[in-house]
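There are 2 protein chains.
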Amino acid sequence: MSASAPVVAVVGATGAAGGTVLRVLAERAFPLGELRLLASERSDGAVLQFGDASLTVRPVSDATLDGVDIAFFAAGALTSRRHAPAVAARGGAAVDKSSAYRMDPEVPLVVPEVNAATLAGHRGIVANPNCVTIPLTVVLAPLHRAFGLRHVTLATYQAASGAGRDLVAELALQERADAEGSEPVATVYPHVLHGNVVPGGWRMHGADTDEEVKIIAETRRVLELPELPVSVTTVRVPVAVAHSAAVWVELDSRADAAAAREVLAAAPGVVVVDDPESQRYPTPRSVAGTDDVQVGRIRVDTGRENGLALFFSADNLRKGAATNAVQVAELLLAG
Amino acid sequence: MSASAPVVAVVGATGAAGGTVLRVLAERAFPLGELRLLASERSDGAVLQFGDASLTVRPVSDATLDGVDIAFFAAGALTSRRHAPAVAARGGAAVDKSSAYRMDPEVPLVVPEVNAATLAGHRGIVANPNCVTIPLTVVLAPLHRAFGLRHVTLATYQAASGAGRDLVAELALQERADAEGSEPVATVYPHVLHGNVVPGGWRMHGADTDEEVKIIAETRRVLELPELPVSVTTVRVPVAVAHSAAVWVELDSRADAAAAREVLAAAPGVVVVDDPESQRYPTPRSVAGTDDVQVGRIRVDTGRENGLALFFSADNLRKGAATNAVQVAELLLAG
Chain A
1093 MSASAPVVAV VGATGAAGGT VLRVLAERAF PLGELRLLAS ERSDGAVLQF GDASLTVRPV
1153 SDATLDGVDI AFFAAGALTS RRHAPAVAAR GGAAVDKSSA YRMDPEVPLV VPEVNAATLA
1213 GHRGIVANPN CVTIPLTVVL APLHRAFGLR HVTLATYQAA SGAGRDLVAE LALQERADAE
1273 GSEPVATVYP HVLHGNVVPG GWRMHGADTD EEVKIIAETR RVLELPELPV SVTTVRVPVA
1333 VAHSAAVWVE LDSRADAAAA REVLAAAPGV VVVDDPESQR YPTPRSVAGT DDVQVGRIRV
1393 DTGRENGLAL FFSADNLRKG AATNAVQVAE LLLAG
Chain B
1093 MSASAPVVAV VGATGAAGGT VLRVLAERAF PLGELRLLAS ERSDGAVLQF GDASLTVRPV
1153 SDATLDGVDI AFFAAGALTS RRHAPAVAAR GGAAVDKSSA YRMDPEVPLV VPEVNAATLA
1213 GHRGIVANPN CVTIPLTVVL APLHRAFGLR HVTLATYQAA SGAGRDLVAE LALQERADAE
1273 GSEPVATVYP HVLHGNVVPG GWRMHGADTD EEVKIIAETR RVLELPELPV SVTTVRVPVA
1333 VAHSAAVWVE LDSRADAAAA REVLAAAPGV VVVDDPESQR YPTPRSVAGT DDVQVGRIRV
1393 DTGRENGLAL FFSADNLRKG AATNAVQVAE LLLAG
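Chains as they are written, first to last, in the working numbering: chain A, 1093 to 1427; chain B, 1093 to 1427.
One should not assume that every hint holds.
Which stretches of chain B does chain A cover? Using the computed rule of at least three CB atoms under 8 Å from a CB of chain A, they are [said to hold, decoys possible]:
1) 1278-1288
2) 1325-1338
3) 1383-1392
4) 1407-1413
Taking beta-carbon pairs under 7 Å as the criterion, some of the chain A residues facing chain B (in silico) [as the list claims (entries may be wrong)]:
5) 1136
6) 1279
7) 1282
8) 1297
9) 1299
10) 1340
11) 1403
Hint data in this document are derived by calculation from the structure and do not stem from the laboratory.
Glycine residues also receive a C-beta, built at the ideal position from the N, C-alpha and C atoms.
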């Protein structure tokens, strides 16, 4: 492939995730020899703006993927399973945002700040973790390197956009209904999300949500700690963009808040926002639109030996998805 | 005092907490020989409706508290410190919603479902825990009795009304601004709460929020487990009414989900709402306006030995405040 002018495809270009990939490619001036916007048959012929260019969306197929150096897959696991192998077989690289290959031992699961080295042996498909696991591992990896990680507990505060564009639209309609004093309606999600907190809406795997199962398995894989105990509860909150989590870790060695803050402040991708006395801490509203993982409320967890507590927020569409994928592609080009 | 017709005062009758006390008194047909609505000088002469009666608000003072059998204090710690002793000295009982006496060893801190027996030796003042501690201990006490409690971790999802009426009004204004596409403004709270998650806004005690300090100390006191390790992060969410929390407990003996569910289903004040496959779990919208503590997502925490995870929601103005106080008063009358 040409590192200076690769042929790039975005599969799922008309969706929320694909749209954010396009935005991030433009912002980061990703080198583009050619840019192909691909989607399902339904969107065939749609025209999207990319910088000054108007680009026509074409159906994803072996033919439209032929000659592609890097294909971003942002269209769900089924599409990835069906088309990513064709990209790999033709010598290109598929950077997959879906869950299709995340637990495939042949496919690296990459967060560039954490485990870029695992890209080395890739066979044409690279997976990206889910939108909680990415910021979580960006925060945990430096703490693990410095102090050793023994246990993680987290409760999430997840944005509507993590469930897709339809829930964001439904949340906006509910917001208007509540503002007007009429009854908000839930059709996309099992409960009204506006003015509410919903500890569900995911498919269940026994007693755990799909999301909880993913966070545990993917966090272990990215950190290369296959036995790491992770206790997690996932919760949806009435926020459009940016996931947050209250996190507790137990470490091998004692870390006071200052030592942890120093390690996190030096970690790539992390911005420490931590002066609660002055009301400075991470929030979805302040992190949305950025590529940072904001971390704050860093303090000793007095309830545990070598315990530490913290809170993070990160844009689930950017660092939790598109930005991570584009960073992976940048490493592939550099590699 | 006359148990069938006590003289009752509500101090802070014009506030949100006092208003809810009045509503709960009416709903529960609390026996009232006389009802006095008291507040600060500012509200002197205001007229409030109670059932069919129009009652005039008078300033709280030794004179207006004279002869009172039961005084509900719902007006802040300063007012309680200043006036509750006068009620006690005159042979009445002050049921205090503020934080003034919660850690006073001479004053029982009572959640009727948990430690009603501690009322026995009261000296005229009874304290109520804060609005997270009440539902938390209602859930933890039966688990402790059945399985022994070793450790508690919780992340809260707290409603605006916990910070007072002004934040509820500000949240409604922000909701309207967001619905109209204009810029929401924060003046009451340090951050815009609508469409956001705010892990702060409380005063700090070193690294911990005021709220975290209270939850730890009061939970230990109500459960009579002075050494119980509690790891807690408090977070404000854009919900008008009802606090929720993701909770993890470690137990002395192993409890599977079915055993825990059985214990909780039999516990007073608890309603188990736990069928996530059918999208049934606690939410603020479904619990608001009730006196229940809804508990769900009850499952084994595989990350811990003898670990259990769960999620609860409870109306912070009712069971988290007014209802608990009225239940205490009912016990005093019965006692």
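(message) Just to be careful: measuring from the Cβ of residue 1340 (chain A) to every Cβ in chain B, is the smallest value less than 7 Å?
(response) holds, 5 Å
(message) If you count the residues of the region 1325-1338 of chain B with a beta-carbon closer than 8 Å to a beta-carbon of chain A, do you get 3 or more?
(response) holds (count 8)
(message) Does residue 1279 (chain A) hold up as a contact with chain B if the rule is Cβ-Cβ below 7 Å?
(response) violated, 13 Å
(message) Tell me if the interface restraint on residue 1297 (chain A) is satisfied: Cβ within less than 7 Å of some Cβ in chain B.
(response) Given a least distance of 10 Å, the restraint on residue 1297 (chain A) is violated.
(message) Using the nearest Cβ pair, does residue 1299 (chain A) come within less than 7 Å of chain B?
(response) holds, 4 Å
(message) Please check whether the region 1383-1392 of chain B has three or more residues whose CB lies within less than 8 Å of a CB on chain A.
(response) Satisfied; 4 residues make the cut.
(message) Next item in the hint list is residue 1136 (chain A). Is there a CB on chain B closer than 7 Å to its CB?
(response) Check failed: Cβ of residue 1136 (chain A) comes no nearer than 33 Å to chain B, outside 7 Å.
(message) Tell me whether the statement that chain A covers the region 1278-1288 of chain B is true, taking a Cβ distance below 8 Å and needing three residues at minimum.
(response) holds (count 5)
(message) Please check whether the region 1407-1413 of chain B has three or more residues whose CB lies within less than 8 Å of a CB on chain A.
(response) With 0 residues in contact (Cβ-Cβ under 8 Å with chain A), the coverage given for the region 1407-1413 of chain B is violated.
(message) Hint validation: residue 1403 (chain A) versus chain B, beta carbon distance must be below 7 Å. Holds or violated?
(response) Hint holds; residue 1403 (chain A) Cβ to chain B Cβ min 5 Å, cut 7 Å.
(request) Closer than 7 Å between Cβ atoms is the bar; does residue 1282 (chain A) clear it against chain B? Give me holds or violated. (result) holds, 4 Å
Figure legend: structure checked against the earlier numbered hints; hints not met, in rising order: 4, 5, 6, 8.
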